[in-house]
Amino acid sequence: MKHPFWQAVGILALAFVVIEWGIPLLPGSALVPASVVLQYMVTVLAGVLIYVSDDEARWRRFREPIQAALVQPRLKPVRLGGLVVVPLVVGWIAYGQVRSAVQAPPNLRSIHPAPPAEITFRGKSMTLSGLDNPLRQHADSLPVYIAAGKRIYYQNCLPCHGDRLDGLGHFAPGFNPLPANFQDNGTIAQLTESFVFWRVAKGGPGLPREGTPWNSAMPKWEDFLTEREIWEVVLFLYDQTGWKPRTWERTAGGTR
Amino acid sequence: MRALGMMAVAVAGVVGLAAAGRSSQAGGTVAGKVRFTGAKPLMAKIDMSDESVCKAKYTAPPTEETVVVNANGTLANVFVYVKAGLPADYAAPAPAEDVVLDQNGCRYHPHVLGIRVGQKLAIKNSDGLLHNIKAMGKQNRPFNVSQPTSMTTERVFTAPEVMVPLECNVHGWMHAYLGVLPHSFFAVTGTDGSFSLKGLPPGTYTIEAWHEKYGTQVATVTVTAGGAKTQDFTFTAR
Amino acid sequence: MRAVGLSDSRTVGLLGAVVVALLSVSQTVRLSSQDTTRGKTVYVKWCAGCHGEDGKGDGPAAAYMLPRPRDFTGAVYQIRTTANGQLPTDADLMRSIDDGLFGTAMPGWKGRLSDAERRDVLAYLKTFSAFFADTTQRPVALAFGREPGSDARVGRQFYDSIGCRKCHGDQGRGDGPSAPTLKDDAGFPIFAADLAQSWRFNGGGDVAAIYRRLRTGLDGTPMPSFSDLIDQKFLTADELWHLAQYVRSLSPTRPPELRDVIHAPAARGALPAAPDDSAWNRVEPSWFPLVGQVIHKSRWFTPAIAGVWVQALHDGRALALRITWDDRSQSPDSAWRPFTQRVLASVAGDDSTPPAAALWPDQLIVQFPTKVPEGMERPYFLMGAATQPVYQWRWTSALRTSGRAVAGLARGIERFDSLPAGSAPAAQAVYDHGQWRLVLTRALATPDTADDLQFRTGRAIPVAFFGQDGSNGEFGTRMAVSTWYFLALDQPTPPRVFVTPVVAIAVTLGLGLVLVRRAQQRGTRA
Numbered sequence: 004m005k006h007p008f009w010q011a012v013g014i015l016a017l018a019f020v021v022i023e024w025g026i027p028l029l030p031g032s033a034l035v036p037a038s039v040v041l042q043y044m045v046t047v048l049a050g051v052l053i054y055v056s057d058d059e060a061r062w063r064r065f066r067e068p069i070q071a072a073l074v075q076p077r078l079k080p081v082r083l084g085g086l087v088v089v090p091l092v093v094g095w096i097a098y099g100q101v102r103s104a105v106q107a108p109p110n111l112r113s114i115h116p117a118p119p120a121e122i123t124f125r126g127k128s129m130t131l132s133g134l135d136n137p138l139r140q141h142a143d144s145l146p147v148y149i150a151a152g153k154r155i156y157y158q159n160c161l162p163c164h165g166d167r168l169d170g171l172g173h174f175a176p177g178f179n180p181l182p183a184n185f186q187d188n189g190t191i192a193q194l195t196e197s198f199v200f201w202r203v204a205k206g207g208p209g210l211p212r213e214g215t216p217w218n219s220a221m222p223k224w225e226d227f228l229t230e231r232e233i234w235e236v237v238l239f240l241y242d243q244t245g246w247k248p249r250t251w252e253r254t255a256g257g258t259r
Numbered sequence: 106m107r108a109l110g111m112m113a114v115a116v117a118g119v120v121g122l123a124a125a126g127r128s129s130q131a132g133g134t135v136a137g138k139v140r141f142t143g144a145k146p147l148m149a150k151i152d153m154s155d156e157s158v159c160k161a162k163y164t165a166p167p168t169e170e171t172v173v174v175n176a177n178g179t180l181a182n183v184f185v186y187v188k189a190g191l192p193a194d195y196a197a198p199a200p201a202e203d204v205v206l207d208q209n210g211c212r213y214h215p216h217v218l219g220i221r222v223g224q225k226l227a228i229k230n231s232d233g234l235l236h237n238i239k240a241m242g243k244q245n246r247p248f249n250v251s252q253p254t255s256m257t258t259e260r261v262f263t264a265p266e267v268m269v270p271l272e273c274n275v276h277g278w279m280h281a282y283l284g285v286l287p288h289s290f291f292a293v294t295g296t297d298g299s300f301s302l303k304g305l306p307p308g309t310y311t312i313e314a315w316h317e318k319y320g321t322q323v324a325t326v327t328v329t330a331g332g333a334k335t336q337d338f339t340f341t342a343r
Numbered sequence: 003m004r005a006v007g008l009s010d011s012r013t014v015g016l017l018g019a020v021v022v023a024l025l026s027v028s029q030t031v032r033l034s035s036q037d038t039t040r041g042k043t044v045y046v047k048w049c050a051g052c053h054g055e056d057g058k059g060d061g062p063a064a065a066y067m068l069p070r071p072r073d074f075t076g077a078v079y080q081i082r083t084t085a086n087g088q089l090p091t092d093a094d095l096m097r098s099i100d101d102g103l104f105g106t107a108m109p110g111w112k113g114r115l116s117d118a119e120r121r122d123v124l125a126y127l128k129t130f131s132a133f134f135a136d137t138t139q140r141p142v143a144l145a146f147g148r149e150p151g152s153d154a155r156v157g158r159q160f161y162d163s164i165g166c167r168k169c170h171g172d173q174g175r176g177d178g179p180s181a182p183t184l185k186d187d188a189g190f191p192i193f194a195a196d197l198a199q200s201w202r203f204n205g206g207g208d209v210a211a212i213y214r215r216l217r218t219g220l221d222g223t224p225m226p227s228f229s230d231l232i233d234q235k236f237l238t239a240d241e242l243w244h245l246a247q248y249v250r251s252l253s254p255t256r257p258p259e260l261r262d263v264i265h266a267p268a269a270r271g272a273l274p275a276a277p278d279d280s281a282w283n284r285v286e287p288s289w290f291p292l293v294g295q296v297i298h299k300s301r302w303f304t305p306a307i308a309g310v311w312v313q314a315l316h317d318g319r320a321l322a323l324r325i326t327w328d329d330r331s332q333s334p335d336s337a338w339r340p341f342t343q344r345v346l347a348s349v350a351g352d353d354s355t356p357p358a359a360a361l362w363p364d365q366l367i368v369q370f371p372t373k374v375p376e377g378m379e380r381p382y383f384l385m386g387a388a389t390q391p392v393y394q395w396r397w398t399s400a401l402r403t404s405g406r407a408v409a410g411l412a413r414g415i416e417r418f419d420s421l422p423a424g425s426a427p428a429a430q431a432v433y434d435h436g437q438w439r440l441v442l443t444r445a446l447a448t449p450d451t452a453d454d455l456q457f458r459t460g461r462a463i464p465v466a467f468f469g470q471d472g473s474n475g476e477f478g479t480r481m482a483v484s485t486w487y488f489l490a491l492d493q494p495t496p497p498r499v500f501v502t503p504v505v506a507i508a509v510t511l512g513l514g515l516v517l518v519r520r521a522q523q524r525g526t527r528a
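Residue numbers (our numbering), protein chains in the order written: chain A, 4 to 259; chain B, 106 to 343; chain C, 3 to 528.
Watch out, some of these pointers could steer you wrong.
Chain A regions said to be covered by chain C (calculated; three or more residues, Cβ under 8 Å) [stated by the list, open to error]:
| no. | segment |
| --- | --- |
| 1 | 35-48 |
| 2 | 209-219 |
A partial selection of chain A residues facing chain C, derived with a Cβ cut-off under 8 Å [to be verified]:
| no. | residue |
| --- | --- |
| 3 | Lys5 |
| 4 | Phe8 |
| 5 | Gln70 |
| 6 | Ala97 |
| 7 | Tyr98 |
| 8 | Arg102 |
| 9 | Ala104 |
| 10 | Gln106 |
| 11 | Lys153 |
| 12 | Tyr157 |
| 13 | Gly177 |
| 14 | Phe178 |
| 15 | Pro222 |
| 16 | Asp226 |
| 17 | Leu228 |
Hints listed in this document are in silico derivations from the structure and should not be mistaken for laboratory results.
Quick reminder that beta carbons are idealized off the backbone N, C-alpha and C, glycines included.
All chains should be modelled from the sequences, with the hints used to inform the complete structure.
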């Protein structure tokens, strides 16, 4: 393993293992797409080549096994094998490139589209900007509201958002996009309660175009729940996950 | 289950030895009839067309056995037993013989039965076709055993319980009810609607009559040594 | 390992056993002597919503699911390694908590709750039943032995002789004659498992798990234990293993993977219009899960159809779609009517009183947009909207003999306007032992270009599926739904697809030869 050629081979193999199987094991990571794997491998190869060619002696030693495979009569089978396998692999890759199967169109979805400044909830106009959860004004009653929110959650939200609030309820596999994961630091942790109220009240059909309303299975909860019930369930979401809602900046001139 | 059963038998044996010194030959008797008033409910016919073996055992289509009213206006399949009143240390060994529950013609025989804690229940399949026997006690551990052929399965109950429902899921109409008691003072009314509890030590007892549809009725009876008391019950249609 | 390297493997084994024994002793001590207040905190926060504050299986979510959450007070558990009727071991309970119960609303909690939290909650839920406090009831795992070599043929013999088909049906799809009468211990309706969907088996779908279920039974359900049959020499343990192997063989080797696009290859001959035409065996099926319609009033929380298998073929003029789905009943079927009533009475919903059961048919709906979209925008997946309708094919079991389905425009879930029969797709369906196989065929182009979708090759065409099992009480908005997927009618492969790789191979080979030759020339010169 001291030979620069085999070191290079080892590094490439290790890089492949890490990219292909190591990265997906990291929390929050997914499989690396084949094209990205290829990109990474080319980068690693370039790095390896720069390293071995940096030193004249090393570069010569590095080339020795390659040279041997090309020249030595004893290594004829390796040479022939290479001449067969390499063109076939290239041919296969070329085939994969030109055979264009129809693919699902990219779904460019804005996860947190800009909310409207104002909505109409069951015929009543509500200004969202600067709006806080009105139930928080009654601090001593919060446990009661949260308990009610919990009941509402379990009777309505559970099949999709799940009992761990992670968007993995028993109906979740049937929907795309997957139901929101409230445990994730990118959902309710980033939002004001009025935004969450809007998302709950208006559901998928209330999304602007960039939110791909045609795909969202989120019901329009104003058809099922009262204004107070929605505020209660919003309280429960924050209480159960431990996140704090984002708050409005209060300035002399108003709220932002 | 088998280990539990053995343990229960062992416990029953010890208890039995302890009680051997006590004699109850001078006990009293409580007897009576269970009457039925009101309109006799119509029992649905059971469709056994999927089970020709069972169907062939009947000349006329059998009916469900939820309410069986006898010709003399009494009610069959009522479980009458001493619910309370026995001395706290009362104990008597369970009979050595098994209680047999037979599955014949895709029905349970008997439909209502009693058994002692620790006594063996031998569940017999006389039909030779698939039954499963499922016990759904709350005080006793449940069981659910498959019997795809003519065979006998034995189980033991470890805790008093009135009643343990038994059922077959292959034949949704098959239900039986088993009363499990720590003593032998129980009876099931038959075709004449009568019952008799013999050999009771003198004392005051709570006697309960249980019916699967009409629920329970309770009576308090005082028994003297060698005396006989009559206690009738009446269930009303609803 | 270096330290024990000198001793023989037996010593290692012994040491291992001692360590394991010590660990398990400390574990048991910890579990039994544990303070349950921490377990209660975890339980109330994460479990009580379904299982109820008092462990009775009656939390606020309970009425919205079938099977219902476990009632801990009776200590009756389906998934155990102990004999029928016995308490589960702690390891059994921990496995169900860790992995969840597939095919139900119970998720796996491993990685979602810490090891300590899961242990605490296990200790706490045991306090709901007096049976666990009774030290004479010590649960002991059965010895299951080793799986013998596979013999599914023997397994099938016992499948028949011990009467599995009574509930699970001849092909194992849960459509046996006793299936409509089944109830669990609490009296709720329960389905006989569809043995062709092993990825949804509550306790796991591998052969060993199936064998354990056969030995222990699923307590609290109609599924009995078959251990007594081994004791009574009706069959041997190996024969019961073979039965488990047979049951496993009824399902695909791997759980179906969800893919976005259904590829419809160009058919070589005529399009197969019959559901059981052998041409379909050569087309790869795609699986699409269906879930309850819980979006629009009246919602439906307990759908019976778990998903559909879809295959497609086209010949440049017409498209044939074959949809296959497991359905335990050929609705309408009066034998299932009491079951229908029990389901409707058991499941909560938006109606103030449970709807009355009726003899509803089975239904399958295939949905497309009215036009192949240019961008990513599509109509609303749940049957479009008043302003943007969707194009649908609706087939019901009532239409079975007509040879047609109905084409029409849906404008929201409650409005469907059928189009003239002339543009309706041809439909052929068979119901075979708990499975519907339906082929829908329509010309790619139709005269009514305004309303009918005009299919085009080489494009991703949005498609969605909806299913109803009438005997499960599914009618109107009570249905199983999917979101948008895509159907692609493959174009004939252009010649360049084959030319390019050949050129690439030739060029690479040539370069390689040149390289070798030059290296060798240099070698001889040197």
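Cross-check of the supplied hints:
| no. | hint | verdict |
| --- | --- | --- |
| 1 | 35-48 | violated (count 0) |
| 2 | 209-219 | holds (count 5) |
| 3 | Lys5 | violated (25 Å) |
| 4 | Phe8 | violated (15 Å) |
| 5 | Gln70 | holds (6 Å) |
| 6 | Ala97 | holds (4 Å) |
| 7 | Tyr98 | holds (4 Å) |
| 8 | Arg102 | holds (5 Å) |
| 9 | Ala104 | holds (7 Å) |
| 10 | Gln106 | holds (7 Å) |
| 11 | Lys153 | holds (6 Å) |
| 12 | Tyr157 | holds (4 Å) |
| 13 | Gly177 | holds (3 Å) |
| 14 | Phe178 | holds (5 Å) |
| 15 | Pro222 | holds (4 Å) |
| 16 | Asp226 | holds (6 Å) |
| 17 | Leu228 | violated (12 Å) |
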